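Engineer: Each chain, letter by letter, is given below.
There are 2 protein chains.
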Amino acid sequence: MGWSPVTRRIAITRSRLSFHYSSPIPGLVGLKLQYTSAVHQNQTTPMSTSAPRKALNLSNINPHVKKAEYAVRGAIPIKSEEYRKILAAAGTVSASGSDSASQNTTPNHNLPFNDVISANIGNPQQLGQKPLTFIRQVLSILEYPALLEHEGLFPKDVRERAKWLLEQVGSVGAYSQSQGCFGLRKSVARFIEERDGHPADPDDIFLTAGASSGVSTLLHTICASKETGVLIPIPQYPLYTATLALIDATPVPYYLDEPLSWATDVPAIRGEITKARAAGTELRAIVVINPGNPTGATLTEQNIADVISLAAEEHLVIMADEVYQTNVYQGEFHSFKKVLRNLQKESPGKYDHVELVSFHSVSKGMIGECGHRAGYFELVGFDKEVQAQIYKLVSITLCPPVIGQCLVELMINPPKKGSESYDLYNKEHNVIFGDLRERSQALHKAFGKMRGVSCQDPLGSMYLFPTITIPPKAIEAAKKQGQKPDEFYCMKVLDATGICTVPGSGFGQKEGTWHFRTTFLAPGTEWVEKLEKFHEAFMTEYEG
Amino acid sequence: MGWSPVTRRIAITRSRLSFHYSSPIPGLVGLKLQYTSAVHQNQTTPMSTSAPRKALNLSNINPHVKKAEYAVRGAIPIKSEEYRKILAAAGTVSASGSDSASQNTTPNHNLPFNDVISANIGNPQQLGQKPLTFIRQVLSILEYPALLEHEGLFPKDVRERAKWLLEQVGSVGAYSQSQGCFGLRKSVARFIEERDGHPADPDDIFLTAGASSGVSTLLHTICASKETGVLIPIPQYPLYTATLALIDATPVPYYLDEPLSWATDVPAIRGEITKARAAGTELRAIVVINPGNPTGATLTEQNIADVISLAAEEHLVIMADEVYQTNVYQGEFHSFKKVLRNLQKESPGKYDHVELVSFHSVSKGMIGECGHRAGYFELVGFDKEVQAQIYKLVSITLCPPVIGQCLVELMINPPKKGSESYDLYNKEHNVIFGDLRERSQALHKAFGKMRGVSCQDPLGSMYLFPTITIPPKAIEAAKKQGQKPDEFYCMKVLDATGICTVPGSGFGQKEGTWHFRTTFLAPGTEWVEKLEKFHEAFMTEYEG
Numbered sequence: 001m002g003w004s005p006v007t008r009r010i011a012i013t014r015s016r017l018s019f020h021y022s023s024p025i026p027g028l029v030g031l032k033l034q035y036t037s038a039v040h041q042n043q044t045t046p047m048s049t050s051a052p053r054k055a056l057n058l059s060n061i062n063p064h065v066k067k068a069e070y071a072v073r074g075a076i077p078i079k080s081e082e083y084r085k086i087l088a089a090a091g092t093v094s095a096s097g098s099d100s101a102s103q104n105t106t107p108n109h110n111l112p113f114n115d116v117i118s119a120n121i122g123n124p125q126q127l128g129q130k131p132l133t134f135i136r137q138v139l140s141i142l143e144y145p146a147l148l149e150h151e152g153l154f155p156k157d158v159r160e161r162a163k164w165l166l167e168q169v170g171s172v173g174a175y176s177q178s179q180g181c182f183g184l185r186k187s188v189a190r191f192i193e194e195r196d197g198h199p200a201d202p203d204d205i206f207l208t209a210g211a212s213s214g215v216s217t218l219l220h221t222i223c224a225s226k227e228t229g230v231l232i233p234i235p236q237y238p239l240y241t242a243t244l245a246l247i248d249a250t251p252v253p254y255y256l257d258e259p260l261s262w263a264t265d266v267p268a269i270r271g272e273i274t275k276a277r278a279a280g281t282e283l284r285a286i287v288v289i290n291p292g293n294p295t296g297a298t299l300t301e302q303n304i305a306d307v308i309s310l311a312a313e314e315h316l317v318i319m320a321d322e323v324y325q326t327n328v329y330q331g332e333f334h335s336f337k338k339v340l341r342n343l344q345k346e347s348p349g350k351y352d353h354v355e356l357v358s359f360h361s362v363s364k365g366m367i368g369e370c371g372h373r374a375g376y377f378e379l380v381g382f383d384k385e386v387q388a389q390i391y392k393l394v395s396i397t398l399c400p401p402v403i404g405q406c407l408v409e410l411m412i413n414p415p416k417k418g419s420e421s422y423d424l425y426n427k428e429h430n431v432i433f434g435d436l437r438e439r440s441q442a443l444h445k446a447f448g449k450m451r452g453v454s455c456q457d458p459l460g461s462m463y464l465f466p467t468i469t470i471p472p473k474a475i476e477a478a479k480k481q482g483q484k485p486d487e488f489y490c491m492k493v494l495d496a497t498g499i500c501t502v503p504g505s506g507f508g509q510k511e512g513t514w515h516f517r518t519t520f521l522a523p524g525t526e527w528v529e530k531l532e533k534f535h536e537a538f539m540t541e542y543e544g
Numbered sequence: 001m002g003w004s005p006v007t008r009r010i011a012i013t014r015s016r017l018s019f020h021y022s023s024p025i026p027g028l029v030g031l032k033l034q035y036t037s038a039v040h041q042n043q044t045t046p047m048s049t050s051a052p053r054k055a056l057n058l059s060n061i062n063p064h065v066k067k068a069e070y071a072v073r074g075a076i077p078i079k080s081e082e083y084r085k086i087l088a089a090a091g092t093v094s095a096s097g098s099d100s101a102s103q104n105t106t107p108n109h110n111l112p113f114n115d116v117i118s119a120n121i122g123n124p125q126q127l128g129q130k131p132l133t134f135i136r137q138v139l140s141i142l143e144y145p146a147l148l149e150h151e152g153l154f155p156k157d158v159r160e161r162a163k164w165l166l167e168q169v170g171s172v173g174a175y176s177q178s179q180g181c182f183g184l185r186k187s188v189a190r191f192i193e194e195r196d197g198h199p200a201d202p203d204d205i206f207l208t209a210g211a212s213s214g215v216s217t218l219l220h221t222i223c224a225s226k227e228t229g230v231l232i233p234i235p236q237y238p239l240y241t242a243t244l245a246l247i248d249a250t251p252v253p254y255y256l257d258e259p260l261s262w263a264t265d266v267p268a269i270r271g272e273i274t275k276a277r278a279a280g281t282e283l284r285a286i287v288v289i290n291p292g293n294p295t296g297a298t299l300t301e302q303n304i305a306d307v308i309s310l311a312a313e314e315h316l317v318i319m320a321d322e323v324y325q326t327n328v329y330q331g332e333f334h335s336f337k338k339v340l341r342n343l344q345k346e347s348p349g350k351y352d353h354v355e356l357v358s359f360h361s362v363s364k365g366m367i368g369e370c371g372h373r374a375g376y377f378e379l380v381g382f383d384k385e386v387q388a389q390i391y392k393l394v395s396i397t398l399c400p401p402v403i404g405q406c407l408v409e410l411m412i413n414p415p416k417k418g419s420e421s422y423d424l425y426n427k428e429h430n431v432i433f434g435d436l437r438e439r440s441q442a443l444h445k446a447f448g449k450m451r452g453v454s455c456q457d458p459l460g461s462m463y464l465f466p467t468i469t470i471p472p473k474a475i476e477a478a479k480k481q482g483q484k485p486d487e488f489y490c491m492k493v494l495d496a497t498g499i500c501t502v503p504g505s506g507f508g509q510k511e512g513t514w515h516f517r518t519t520f521l522a523p524g525t526e527w528v529e530k531l532e533k534f535h536e537a538f539m540t541e542y543e544g
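Line order of the protein sequences matches chains A and B.
Going left to right, the first sequence walks through residues 1 to 544 as full-length UniProt numbering numbers them.
Going left to right, the second sequence walks through residues 1 to 544 as full-length UniProt numbering numbers them.
Since the hints were derived computationally from the structure, they do not count as laboratory data.
Treat each hint with caution, since some may be false.
What the hints assert, rightly or not - Simulated crosslink set (SDA-like; lysine to any residue; CA at most 20 Å straight-line):
hint	chain 1	residue 1	chain 2	residue 2
1	A	K66	B	A88
2	B	K79	A	Y391
3	B	K67	A	S225
4	B	K67	A	E536
5	A	K85	B	H64
6	B	K67	A	A224
7	A	K66	B	A388
8	A	K186	B	N57
9	B	K66	A	H220
10	B	K79	A	P202
11	B	K226	A	L58
12	A	K163	B	A88
13	A	K67	B	A388
14	A	K66	B	T217
15	B	K66	A	K66
16	A	K226	B	N57
17	A	K186	B	A88
18	B	K345	A	E385
19	A	K226	B	E227
20	A	K226	B	H64
21	B	K226	A	E227
22	A	K66	B	A224
23	B	K85	A	G152
24	A	K79	B	H64
25	B	K67	A	K186
26	B	K226	A	K79
27	B	K226	A	H64
28	B	K130	A	L166
Keep in mind that this is a model prediction, so the values were computed, not measured.
Please construct the entire structure, taking both the sequences and the accompanying hints into account.
Structural biologist: So, in C-alpha cells, the structure goes:
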C-alpha cells in the first residue's frame, strides 16, 4: 500500500499556477497546465504522513490524458479568465464576458484595461454577435410548442418550419436515432446535393455534437494502434493532436506553405509519408482544414484535387474539416466531396476507392451557434462494415443534442426567397458577413504596419495567423521565465491590453518562426489600435 | 499494396443484417451488429478484383471499437426501427414514433401490430410524456430573448429565471467555460448542499453532455492501461463495459443480489477483488448504479456505507451513477456524498482519503429531457492535480451544450413555493411521478401472473428486470438460430407485439438465468396485456 508523496502536495495554497512546455512534434508546442490548490476545507482533515493514499494521483492516471495538449483553452485563456473575474468583481465586465460595460470611467481594479477580449477562440456570440432571428424563433417554438397557439407571434415560415421539425423529432426532449433524426439527415443530404451538384445519401450522414465530437469518433475508429499514423497540417487546430494523444496514435505533421497563402504542399507531404513509413508508422489518414484554422487559407480546386490524388495513391482516408465553408472572404469554397466526384467522373475507376469524411458545424459561419454543440459529418466511399462500426460507436453516447440537430437543419436550409423571413435573414446574415470581411482586412492592414510582423491575406475562416519577429532580448527574457518566445509575447499582450490570443506554438510552426492566432470577431477597432500600441512598445523595449 | 477481399464484399444487397454474439464477461453477452449493404449507387463503379483497396476495413480498424457492445441500441432496437418504418409508410405511426395514430382500423401492412413501443430505452418523451411547462417556457426565452418583450406571455418567475440564466451564460449560442458556466455550477452546489446537509464547491462540479459523457471522461482518466480494473455491477447499464472496451481496460464484474432486491453484495465484491488482483488486475474504481439500472433497486443507507467502507479499505474510486435519484417509488434515496460525509464525521480520519464521483442527468427523473443531453458530475476528495487533468480533458470538447447547462439548473432549482409557476409545476411533476409508480406496480403485478416469471419489487428507476424461465425447446430453437435464449424471447416479443425490450444478456446475468429489461414508461395497460398474451402463447408453444 505505502504512502504516496503526492497526497501530501494537495495542501498547497489555491491557485498556484505553473506552466510547463514540451514538444512532442517538432515545432508544435502546447501549453500544459498543472495547478495545485487547497482542497475544499470540508473535504479533508489536515494532511499527515499517515493519511491513507488516494487511488488516483498525477503519476498513475492515464498517461495519454496527461500527454494531450489543447492550447486554445490553455494557460493564457486561463489567465484571461482570472482577469475577467477581477474585472467582474470590480463591476466593469460581466462574469460571462458577453456583455461588457467596458467604458467605466473609475475602474476599481489595478489592471491596465477594463475589458478582456477573448480573441483566442472562435466564439462569435460571446463577443456580441447577434444570433439570426429566424433560427432562434424556430428554436424557441421547438422548446415550447405552445407558442404556436399565439397567432401573431411569429412569421408564417417560422411556424411552419417549427411544425415540420417537431414532426421529424417528436420532442426535442426525446432521444433520436443515434445517427441523428432521419428526416433532418434527408434535409442535410439535399443541401449537399445542391452545394456540390452530386447526390448525397442520408444514411451516410451522421449528426453530431459539434465537429469536435465527429473528429473524435472518426479518429477512434481509424486508429488501430500506436503505429497508426495520421497526417496533420502544421499549423493545425490542436483538437487533432490532442485526440491522437488520447488515443495513443501517431500524428505525422506536414507543413503548410506560408508564402503560398498557407496552401497544402503536396510534394512536401510525400516526403513526410516516406519518412514516416521508414520509421514504421502505418499511415491511414490525412487531415485537411479548409478554410484553414489557424491559417485563414482557402484552398484552390487544383490544390484539393492534388490532395485527393495523393490520398488515392497512398490509400489515405481524407478527413476534410470544412467547418468554415461559408467563411470565405476572397475566392470560393470548393468541397472535397465535389472535387472528388468530379475526378471520379473524369477518370473512371481511378478514384472510386477514395474514402472521405467531411465535417461541418453550426459553430462558425454566419450563425456562430457554438454553445449549441451541433454539426454533422458525411462519409463518402467508406466500407459499409466500417460504417456500421461507426454507427455502433456513436450509439454508445445515445444521440447528439436534438435541439442542435434541428439547428443544423436550420443552418443548411435558410428561409427561401419569397418567404416572410427571407429579407430579415439575409440582412442579418450579410451584415455579419460584411463585418467579418471588413474586420479581417482592417486587422490585416494593422499587422502590415507593425514592425517585424507579416501576415498572409485573409481569405477565410475567423482567424489571422501573423508571423512575428521576436527580438533576441525578448527570447532571452522568455527563456528565463521558462516560456517559449511566442508564449511570452502573447502573455505580455494579455497583461498589457486584456486581449487573449494563442501563441503559434499551440498550433505548431516551422522551427525558429513565431506566430500568434487571433480571431477577428471582436467588434470595433479600438482593440486593434491597442494591439498596435502594445507591439510598438514591446519592440522598443526588447530591441533597444 | 495488394487487394483486400473485403472491398469486394461491399456490393451485397442493402439491409442484410446478421447478428453475432460473444461474451467477454461470463454471463454478460452483448449484441454485436454487423451489416453489409449496397453502397450508394453513385459512389462506386461495379466491383472488380482489380479495384484498389480502401484504407479501412473491418479487419484493420480499432479493435477496441469492434469489441465495444451496446445492447440498448443493438439488434432488437434496430429491427424495431425497421418495423416503425414499415408502419410509418403504411400511415399508422409517425417516423419519429412520438405521436402514433395506432388505432388505424384498416392497416396497410402485414405486421400483427399497429404500433412499435420502444420499451428498450428510458426515453419518456418519445412515449408521450409531456415536458414540464416551467422548464420549457424558460428554455424558449433563452433561445429567443425577444420573447421577454411580450409582457403577458409568461409568468413572472419564468421571465425572471430566464433573465438570470441569460446573465450567467450571455447567450446560449456562445461557448461557456469548459467545466460549465460558473453561475450555474454555484446553483448546483447549493442544491447538493440542501440535498445532503453538507457543503459542496462549484469548482468540483462539472456540467456535462449527459451522464454518459461524464462517465466516459472519468473512465478515460482513471484507466491507465489494460491492467486497470473497474468493478462493474452485473447486471449493469452497458455504457460501462462498452466504454471500458473502448479504452481497453478491464471490467471486473460483481453480481448483485437478486433475491435481496438486487442489493450490492459487499462480501461477494471482496471475493471478486481477491480473484482480480491474483490475476494481475490493478483495481482502481467501483461503479454503483443507485437506483439501479436495469434492476430498479434502491440501496439502503447501510448498503451504501458498506460500499464506502470497502472502497476506503481497498483504495477504490467510487463512481456513483445516481441519475435516477428522484425515481424512487418505495423507500428513500441516499446519496453517496451524504453517506460519505456522515461517515467522515463519525470516524474522523478513516474516510478522508475516499474519492467519489457522483453523476446526475436531466434525462431521467420527472423531466425526462434526454434529447437535450445534459447532466453534471461532482468530484469529492479528488487530488487537485488529477482534477486539473480532468479539466483539461473536458476542454478538448470545448463545453457541454449551453441550453442543456441551463436545463440542469432548472432541474435542480424548481419554482419556489409562492411563485407563479409553483402549482402547475408540482401538478405536472406529481402526475408523472404517480403515473410512473402506478405503471411500475401494474407491470410488476402482470409479471407476477405470468408462468415462470418472477420480478423483484419496483423500488426505483424506470425499469423492471424480471427473471424468465425459458423452456428447453425454446432454448433449442434459439440455438438453431444462433441466438441466446433471452434474445430469442425478446425478438419473439417484438415480432408478435411490437414491444421492444432488451434481453438480460445485454446487461449481464448469472450463468443459466434469463431476464429482460423493460421500461414502464409506455402509457396505458393495453401493451401489458399484449405482453401477457404473448408470454402465454410462447410458453404453450415451447412447453408442449
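Engineer: Given the hint that K226/A pairs with N57/B, test it: the Cα-Cα distance must not exceed 20 Å.
Structural biologist: holds, 18 Å
Engineer: Take the C-alpha atoms of K186/A and N57/B, compute the straight-line distance between them, and say whether it is at most 20 Å.
Structural biologist: violated, 26 Å
Engineer: For K66/B and H220/A, compute the direct alpha-carbon distance and say whether it is at most 20 Å.
Structural biologist: holds, 11 Å
Engineer: Assess, step by step, whether the Cα of K130/B is no farther than 20 Å from the Cα of L166/A, and give holds or violated.
Structural biologist: holds, 14 Å
Engineer: Is the Cα-Cα distance between K163/A and A88/B 20 Å or less?
Structural biologist: holds, 18 Å
Engineer: Given the hint that K226/B pairs with H64/A, test it: the Cα-Cα distance must not exceed 20 Å.
Structural biologist: holds, 13 Å
Engineer: Holds or violated: K226/A with E227/B, Cα cutoff 20 Å?
Structural biologist: With a Cα-Cα distance of about 17 Å, the restraint between K226/A and E227/B holds, given a limit of 20 Å.
Engineer: For the pair supplied as a hint, K226/B and K79/A, is the alpha-carbon distance within the 20 Å limit?
Structural biologist: violated, 37 Å
Engineer: Given the hint that K66/A pairs with A388/B, does the C-alpha gap stay at or below 20 Å?
Structural biologist: Holds, because 10 Å separates the two Cα atoms, which is no more than 20 Å.
Engineer: Against the 20 Å threshold, does the CA-CA distance of K79/B and Y391/A hold or violate the hint?
Structural biologist: holds, 15 Å
Engineer: Is it true that the CA of K345/B sits at most 20 Å from the CA of E385/A?
Structural biologist: With Cα atoms ~55 Å apart, K345/B and E385/A exceed 20 Å; violated.
Engineer: Are the Cα positions of K67/B and E536/A separated by 20 Å at most?
Structural biologist: violated, 58 Å
In summary, the numbered hints that this structure violates are 1, 4, 5, 8, 15, 18, 23, 24, 25 and 26.
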